[in-house]
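Residue numbers (the working numbering), protein chains in the order written: chain H, 112 to 593; chain C, 112 to 593.
Just so you know, these hints were derived from the structure itself, not from any lab. Yeah, the Cβ is synthetic: ideal placement off N, Cα and C, and Gly gets one too. Treat the hints loosely; a few may be bogus.
[To be verified] Below, simulated EDC-like cross-link-like pairs (lysine to aspartate or glutamate); rule was C-alpha separation at most 16 Å, straight line: (1) C:Lys460 with C:Glu382; (2) C:Lys157 with C:Glu142; (3) H:Lys565 with C:Asp313; (4) C:Lys461 with C:Glu569; (5) C:Lys565 with H:Asp313; (6) H:Lys565 with H:Asp581.
[As the list claims (entries may be wrong)] Interface residues of chain H toward chain C, partial, derived using beta-carbon atoms under 10 Å: (7) Leu255; (8) Ala257; (9) Gly259; (10) Ser260; (11) Asn281; (12) Asp284; (13) Arg303; (14) Asp308; (15) Leu314; (16) Gln363; (17) Ala364; (18) Cys366; (19) Val472; (20) Glu542; (21) Gly545.
There are 2 protein chains.
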Amino acid sequence: MLIEELDMKTVTALIASLEAELGANAVLTAESDLAPFTEDWRGRYKGPAAAVVQPSNTSQVSAVVRLCAAHGVPVLPQGGNTSLCAGAVPANVGLPPVIVNLTRMRRIRHIDAANGSMEVEAGCVLKTIQDAAAAEDRLYAVSLGAEGSCQIGGNLSTNAGGTAVLRYGNTRDNVLGLEVVLADGTVWNGLRALRKDNTGLDLKHLFIGTEGTLGIITAATLKLHPLPVQHALAWFAPVDPAAALHILGMFQAACGSRLSAFEMINRRQLELVIEHVPGRRNPLSELHEWHVLVELGDTHGGEEMAALMQQTLEHAAESGLIHDAVLATNETQRATFWEIRHSVSEANKKGGVGLTTDCAVPVSAVPLFIERATQAVHAIVPGLDIIVVAHLGDGNAHFIPFFTFDAWRQLADRSSMANTLRRCVNDVAHELRGTFSAEHGVGQTGLPEMAHYKSAAELRLMRAVKNALDPHNLFNPGRLLP
Amino acid sequence: MLIEELDMKTVTALIASLEAELGANAVLTAESDLAPFTEDWRGRYKGPAAAVVQPSNTSQVSAVVRLCAAHGVPVLPQGGNTSLCAGAVPANVGLPPVIVNLTRMRRIRHIDAANGSMEVEAGCVLKTIQDAAAAEDRLYAVSLGAEGSCQIGGNLSTNAGGTAVLRYGNTRDNVLGLEVVLADGTVWNGLRALRKDNTGLDLKHLFIGTEGTLGIITAATLKLHPLPVQHALAWFAPVDPAAALHILGMFQAACGSRLSAFEMINRRQLELVIEHVPGRRNPLSELHEWHVLVELGDTHGGEEMAALMQQTLEHAAESGLIHDAVLATNETQRATFWEIRHSVSEANKKGGVGLTTDCAVPVSAVPLFIERATQAVHAIVPGLDIIVVAHLGDGNAHFIPFFTFDAWRQLADRSSMANTLRRCVNDVAHELRGTFSAEHGVGQTGLPEMAHYKSAAELRLMRAVKNALDPHNLFNPGRLLP
Numbered sequence: 112m113l114i115e116e117l118d119m120k121t122v123t124a125l126i127a128s129l130e131a132e133l134g135a136n137a138v139l140t141a142e143s144d145l146a147p148f149t150e151d152w153r154g155r156y157k158g159p160a161a162a163v164v165q166p167s168n169t170s171q172v173s174a175v176v177r178l179c180a181a182h183g184v185p186v187l188p189q190g191g192n193t194s195l196c197a198g199a200v201p202a203n204v205g206l207p208p209v210i211v212n213l214t215r216m217r218r219i220r221h222i223d224a225a226n227g228s229m230e231v232e233a234g235c236v237l238k239t240i241q242d243a244a245a246a247e248d249r250l251y252a253v254s255l256g257a258e259g260s261c262q263i264g265g266n267l268s269t270n271a272g273g274t275a276v277l278r279y280g281n282t283r284d285n286v287l288g289l290e291v292v293l294a295d296g297t298v299w300n301g302l303r304a305l306r307k308d309n310t311g312l313d314l315k316h317l318f319i320g321t322e323g324t325l326g327i328i329t330a331a332t333l334k335l336h337p338l339p340v341q342h343a344l345a346w347f348a349p350v351d352p353a354a355a356l357h358i359l360g361m362f363q364a365a366c367g368s369r370l371s372a373f374e375m376i377n378r379r380q381l382e383l384v385i386e387h388v389p390g391r392r393n394p395l396s397e398l399h400e401w402h403v404l405v406e407l408g409d410t411h412g413g414e415e416m417a418a419l420m421q422q423t424l425e426h427a428a429e430s431g432l433i434h435d436a437v438l439a440t441n442e443t444q445r446a447t448f449w450e451i452r453h454s455v456s457e458a459n460k461k462g463g464v465g466l467t468t469d470c471a472v473p474v475s476a477v478p479l480f481i482e483r484a485t486q487a488v489h490a491i492v493p494g495l496d497i498i499v500v501a502h503l504g505d506g507n508a509h510f511i512p513f514f515t516f517d518a519w520r521q522l523a524d525r526s527s528m529a530n531t532l533r534r535c536v537n538d539v540a541h542e543l544r545g546t547f548s549a550e551h552g553v554g555q556t557g558l559p560e561m562a563h564y565k566s567a568a569e570l571r572l573m574r575a576v577k578n579a580l581d582p583h584n585l586f587n588p589g590r591l592l593p
Numbered sequence: 112m113l114i115e116e117l118d119m120k121t122v123t124a125l126i127a128s129l130e131a132e133l134g135a136n137a138v139l140t141a142e143s144d145l146a147p148f149t150e151d152w153r154g155r156y157k158g159p160a161a162a163v164v165q166p167s168n169t170s171q172v173s174a175v176v177r178l179c180a181a182h183g184v185p186v187l188p189q190g191g192n193t194s195l196c197a198g199a200v201p202a203n204v205g206l207p208p209v210i211v212n213l214t215r216m217r218r219i220r221h222i223d224a225a226n227g228s229m230e231v232e233a234g235c236v237l238k239t240i241q242d243a244a245a246a247e248d249r250l251y252a253v254s255l256g257a258e259g260s261c262q263i264g265g266n267l268s269t270n271a272g273g274t275a276v277l278r279y280g281n282t283r284d285n286v287l288g289l290e291v292v293l294a295d296g297t298v299w300n301g302l303r304a305l306r307k308d309n310t311g312l313d314l315k316h317l318f319i320g321t322e323g324t325l326g327i328i329t330a331a332t333l334k335l336h337p338l339p340v341q342h343a344l345a346w347f348a349p350v351d352p353a354a355a356l357h358i359l360g361m362f363q364a365a366c367g368s369r370l371s372a373f374e375m376i377n378r379r380q381l382e383l384v385i386e387h388v389p390g391r392r393n394p395l396s397e398l399h400e401w402h403v404l405v406e407l408g409d410t411h412g413g414e415e416m417a418a419l420m421q422q423t424l425e426h427a428a429e430s431g432l433i434h435d436a437v438l439a440t441n442e443t444q445r446a447t448f449w450e451i452r453h454s455v456s457e458a459n460k461k462g463g464v465g466l467t468t469d470c471a472v473p474v475s476a477v478p479l480f481i482e483r484a485t486q487a488v489h490a491i492v493p494g495l496d497i498i499v500v501a502h503l504g505d506g507n508a509h510f511i512p513f514f515t516f517d518a519w520r521q522l523a524d525r526s527s528m529a530n531t532l533r534r535c536v537n538d539v540a541h542e543l544r545g546t547f548s549a550e551h552g553v554g555q556t557g558l559p560e561m562a563h564y565k566s567a568a569e570l571r572l573m574r575a576v577k578n579a580l581d582p583h584n585l586f587n588p589g590r591l592l593p
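Chain H with its partners taken away, still in its complex shape (with noise of 0.2 Å):
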């Protein structure tokens, strides 16, 4: 077809453009040498791309997209591709586009330890910065599990969450400057290290969290904390979601800003861990219902921390809201505990086929949406398991319905009864005021959940503002608005 004969010669030139702007070892096109690029890390989605670049600097990033708007070739930014809902990978609907990969851009280009700030280049790893802001005695406090793979440039984009929201907010609120290439190929160059700026429209926020639709990040600056180095941390069974919820009100009144993490899963959750990741244990004697892990961190008054820890939970037993309860008393069962947290995804995936969903409602609604999700679901698949994995502090509940593999094998259409079951969980966050992504982002997954449940005046804003930005819809076309 003349089409797809005109498709070919405009790739052609493109990517002639391209090897001749960056080196041909910058510029990937083999099949074999795509693959990586073009599927999610968990193999469920896989898109055609014209080419895979790799710039080293802003300057290729600026020119790469000046010559894909100039080809009419869309551009996909990718950093880690660690994506929980196919936001890194291209779809199979519209052009394939060319993916940016931020890998080489990697360098941390300064640190200004007395005014708390770093600036890097999208594609350092996370880890990476939160170990040289360590060294300068500094937290870049956002963590979370793909830590060790995940990009500056994709937490950006998604305004990624994790474990230490409760204290520290987002990505978005670690944040101080941005530097963006724009749908025109100009640099933003927004790479302030102020703490107070209030000089019109905070741009940044326009790039933050919007999944590389409106611009490509390529450098930030990050906002450093003093650097914990004492925590207390316990594992206790509350008597119920709403106990904890009060349990967690007690703990913020009394430690305040001490409080970094009140992190929930059920007993359902906390089996499968026992039974399929070798080494982990029940801390408590006896299997409960429900499950909290708390931690406190502080620069100062670790004793003090452990005795106020202690106090807390000695005050919610007393106030019959706890079955029991253990404090870790040395770095090794600190780590323990944190295991137990950290091996949910493990377990789940051995155990059985969950649907997971990213809700969240306000934090005093948590046990209400527990509740009536449950009986959404049970509506639909009577006595069906139930995974509770909560950020219980930020009214993030990740409510899985769980089947075990021979169940999920013999149901007729399994797609739609995903597709149902998170509907219908989502549907009672939404009651609730509550939001169908909490961390996670839209990506390819979420993307009906916006057509949903998105009001009219919220869509047409985001699209004015798209508009506005990339007015020939070359950054990430379908994504984000649907």
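Model the placement of chain C on the given structure of chain H, informed by the hints.
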């Protein structure tokens, strides 16, 4: 003239429609009624208005916007009219606007203590919000000099700063959701109360800090913190600003997030306070060149915190970084120290003519900023007094060239002198990658600085968003973007 006649007809028709919609008592048109709304609180700026309307609810605001849009009359939203840069009153160029004063929308709609959130209308006075939060043992953290009369809608539109930014961030960091009336009268309900929501562009950031140019904020969901109930306060004299910066680092490392204020003033500022404000005295036995007020706050551990304060100051003294220090030993003394800091505006007004600036630089660059700005000012007016009032922990220094009344009167061209000196101070901040407006906003006085300092890319991005959201330039035309 025909145009004026047409305008008068238009205005008359608009006012009739507004009265029909809101009731006559909510539409002010008499010159004497308009005065409090058309002139800034310091009496320096005054501009004409077609009318002042005082809607009582969001749908009335929406109706006002639709009517103004239909008649082609611009809209200027207004809160407590406490702007320091004439942001809340009309300019003397362009069509006289309808001022939408939000004072009647002052309901606290809802407090959810367990979620740490409260929903308030735009006209709520900041102090009312702080008090309502405290009644639930929660903190609404933003605190400023004008808190007794400024309104939350104005705080949001200007991303107000204040004295708690070091620990809790600016207004932007203390809001979870917004309700906004858009340029076509649509009400966007973004009153979420979530800690996490990654579903596309975070729309609230479009309206925070954009000074009413993109929409009218009618309500907000604010973030509340645990209430710190224990404090430790000290006043000390660092050897110089570099020593103060070093001590700031010592406090951050030792005290972490307990550190809630780190305010520095110079000798001239303290002299003026002592001389002109009854009851104010130097907390130390001698007048030193530099003075710092440092405050710690916590939910728990007052005695331990006082010891931490003392140890840190002793450590600084042993390192030769301070001349002298005194700890507040009771609430009265604590209040006395803060009163010195809060008396600077009164003292400076009585003592002479200060040319206030509002620069921020990276925290680590504040000593260099003060040194260079002093040199730059003295190159123009040798030996001129300089006042420094710095939120050192935020990198925000109010650097104030200061004239005696006599010297000011004798100047041939005062306006030109004011512009020259302010610009030379802002230039130094700009060289150090800083900003000319840290916390006051742009208003009318900052417009020339926007044109002078902002990059073409930034102005283009801001204009693109303005055109996308307010294509007919209804909201605050001529503001923010030069």
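Quick rundown of the hints versus the structure:
1. Between the alpha carbons of Lys460 (chain C) and Glu382 (chain C) the distance comes to roughly 13 Å, so the proposed pair stays at or under 16 Å and holds.
2. Restraint check: the Cα-Cα separation between Lys157 (chain C) and Glu142 (chain C) comes to about 12 Å, which is no more than 16 Å; the hinted pair holds.
3. For the proposed pair Lys565 (chain H) and Asp313 (chain C), the alpha carbon gap of about 12 Å is at most 16 Å, so the pair holds.
4. With a CA separation close to 40 Å, the supplied pair Lys461 (chain C) and Glu569 (chain C) exceeds the 16 Å bound.
5. A C-alpha spacing of about 12 Å is found between Lys565 (chain C) and Asp313 (chain H), which places the hinted pair at or below 16 Å, so the restraint holds.
6. Taking the CA atoms of Lys565 (chain H) and Asp581 (chain H), the gap is near 21 Å; set against the 16 Å cutoff, the hint is violated.
7. Here the hint on Leu255 (chain H) is broken, as its CB sits about 13 Å from the closest CB of chain C, past 10 Å.
8. For Ala257 (chain H), the shortest C-beta to C-beta distance to chain C is roughly 15 Å, which exceeds 10 Å, and the interface hint is violated.
9. Nearest Cβ of chain C to the Cβ of Gly259 (chain H): about 21 Å, over the 10 Å cut. The hint is violated.
10. With a cut of 10 Å, the hint placing Ser260 (chain H) at the interface with chain C is violated, because the nearest CB-to-CB distance is about 20 Å.
11. Because the closest C-beta pair between Asn281 (chain H) and chain C is about 6 Å apart, less than 10 Å, the hint holds.
12. Proximity of Asp284 (chain H) to chain C holds as hinted, the smallest CB-CB distance being about 7 Å (cut-off 10 Å).
13. Given hint, Arg303 (chain H) at the interface with chain C, holds; its Cβ is 7 Å from that chain's nearest Cβ, closer than 10 Å.
14. Interface restraint check: Asp308 (chain H) against chain C, minimum CB-CB distance 4 Å, threshold 10 Å, status holds.
15. Restraint check, Leu314 (chain H) versus chain C: the minimum CB separation of about 6 Å is within 10 Å; hint holds.
16. Contact between Gln363 (chain H) and chain C, as hinted, is supported at the beta carbon level, the nearest pair being about 5 Å apart and thus within 10 Å.
17. Taking 10 Å as the C-beta cut-off, the interface hint given for Ala364 (chain H) holds, the closest approach to chain C being about 6 Å.
18. For Cys366 (chain H), the interface hint holds, since its Cβ comes within 10 Å of a Cβ in chain C; the closest pair sits about 6 Å apart.
19. For Val472 (chain H), the suggested interface contact is upheld, since its CB lies about 7 Å from the closest CB of chain C, less than 10 Å.
20. Interface hint at Glu542 (chain H): violated, since its Cβ lies 14 Å from the closest Cβ of chain C, which is beyond the 10 Å cut-off.
21. With 10 Å as the threshold, the beta carbon of Gly545 (chain H) comes within range of chain C, its nearest partner Cβ sitting at about 7 Å, so the hint holds.
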